[in-house]
Amino acid sequence: MKQIKLCLIAVLLVTFSGGCEPDDICAANTPTTPKLIIRFYNAANPTELKSVENLATQGVGNELIYTVASTDSLSIPLQSQSTSTSFVLTKNFVDPITSDTNADQINLSYDVAQVYISRACGFRAQYELNEATIETDSDLWIQSIEISSSLIENETKAHVKIYH
Amino acid sequence: MKPKHMSKYIISSFLLFSIVLTFGQEKTDEIKDSIVYKERYGLRVGMDISKPIRSILEESYTGLELVADYRISKRFYIAGEIGSEEKSVVENNLDFTTKGTYLKLGADYNTYRNWAGMENMIYVGIRYGVSSHEQTLNSYTIYNTSQYWGEPVVAEGGENGNFTGLKAQWIEFQLGVKAELLRNLYMGVNLQLKRLMSEERPENFDNLFIPGFNKVLDDNSIGVGLGYSIMYQIPLYTKRK
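Protein sequence lines correspond, in order, to chains A and B. Take the first sequence: its letters are residues 1 to 164, numbered as in my numbering. Take the second sequence: its letters are residues 165 to 405, numbered as in my numbering.
Note that these hints are calculated values from the structure, not bench results. Be aware that a few hints might be false.
[Stated by the list, open to error] The calculated EDC-like cross-link candidates involving lysine to aspartate or glutamate, where the alpha carbons are at most 16 Å apart (straight line), are:
| no. | chain 1 | residue 1 | chain 2 | residue 2 |
| --- | --- | --- | --- | --- |
| 1 | A | Lys35 | A | Glu153 |
| 2 | B | Lys215 | B | Glu250 |
| 3 | B | Lys331 | B | Asp383 |
| 4 | A | Lys35 | B | Glu364 |
| 5 | B | Lys331 | B | Glu298 |
| 6 | B | Lys379 | A | Glu153 |
[To be verified] Stretch by stretch, here's where chain B covers chain A in the computed footprint (C-beta under 8 Å, at least three residues):
| no. | region |
| --- | --- |
| 7 | 60-69 |
| 8 | 91-105 |
| 9 | 118-125 |
| 10 | 140-153 |
Note that CB positions come from ideal geometry on N, CA and C, so glycine has one too.
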């Protein structure tokens, strides 16, 4: 009897001391919502990558500039709560603006799928690109845009090619 | 002493000893126990009192569990639990509510050697558990390492909603004690270790809490639990020991 009572007390103590459990944390290497990857090609020689000098990228409707870089590869985040996102790509972006600075707008429309990851990470978005267009203006530096891979579920390859 | 005499001596001393031993045997047989111990056993029914207490203390939890065991032999008991639970969980990236019922059936093996007339237990038990539940995803965020667009919480639409007709099955091991506090009134405490065997998951979501099984972890199928019960013994059988 004494033995049993001791056991009861022991189990109770274990219970109350083990009341705290750590929160689940989403591991940093978990594949989350992928970005759209754009690669820039030479319009005169479509198989050759061509870098854009001082390319500024800014989402339409967002006050912040996303990146400024001289690069032939760009990855941009799409809006997961909407089915279209537009970005303004500005070539030769310098301050103050010179006559070489040229801003073109690209429009991307897509379908969004929300895919469950885990308790800790929640959901991620995955996109299916429908259309990529260039907004018409008087002075375009982008000659054409083309979808090379419409399903955006990872960031391992280019989804859109831009020729300039 | 010659060897012949020696063996005589040994044999006679053996005979003498055996007579003494026989006397001793008769003597103890004469003393008889005057107290009669009665074994009372049968069906024990009760409830897990930790669940109603938790229901009061914890806003996000409601639960009730009835427990029972029935002695089938000196050491084996058929045992089971039936219950209902509702739990809401808020994680960093999602917020959900699970509710449903469960049934656990199995047996307990008493390892404790009782004094005559007692039905206390230190036991190991095994259960087969089944649940029938539903899960509601209340809100969630789209996990995005880029916060350029500032991903808002999805409070309605999207994957939000009620996922019904969910099921789970598991095997559970219990380690516990049951002690008689007052005549026919028992208190029990047990630790539960569970392993999920099969489950019916919601489409594009997961069973994150299963009634009777408790929290389901991302990376393994192990669950833990605790029972704290008060039981009344209906003394169906009274046996002279």
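Hint by hint, here is what the structure shows:
Of the supplied pair hints, the one linking A:Lys35 and A:Glu153 holds, its CA atoms being roughly 9 Å apart against a limit of 16 Å. Of the pairs offered as hints, the one joining B:Lys215 and B:Glu250 holds, with about 11 Å between alpha carbons and a cut-off of 16 Å not exceeded. The hinted pair formed by B:Lys331 and B:Asp383 fails the criterion: a straight-line CA distance of about 19 Å is larger than 16 Å. Of the pairs offered as hints, the one joining A:Lys35 and B:Glu364 is violated, with about 33 Å between alpha carbons and a cut-off of 16 Å exceeded.
Straight-line distance between C-alpha atoms of B:Lys331 and B:Glu298 comes to about 8 Å, which keeps the hinted pair within the 16 Å bound. For a cut-off of 16 Å, the pair hint linking B:Lys379 to A:Glu153 is broken: about 30 Å separates their Cα positions. Taking a C-beta to C-beta cut-off of 8 Å, the region 60-69 of chain A contributes 3 residues in contact with chain B, enough for the three needed, and the coverage statement holds. For the region 91-105 of chain A, the proposed coverage by chain B is not satisfied: 0 residues have a C-beta within less than 8 Å of a C-beta in that chain, short of the threshold of three.
Only residues whose C-beta sits within less than 8 Å of a C-beta in chain B count toward coverage, and the region 118-125 of chain A has 8 of them, enough to reach three; the restraint holds. Only residues whose C-beta sits within less than 8 Å of a C-beta in chain B count toward coverage, and the region 140-153 of chain A has 0 of them, not enough to reach three; the restraint is violated.
Consistency with the previously given hints fails for numbers 3, 4, 6, 8, 10, ordered from lowest to highest.
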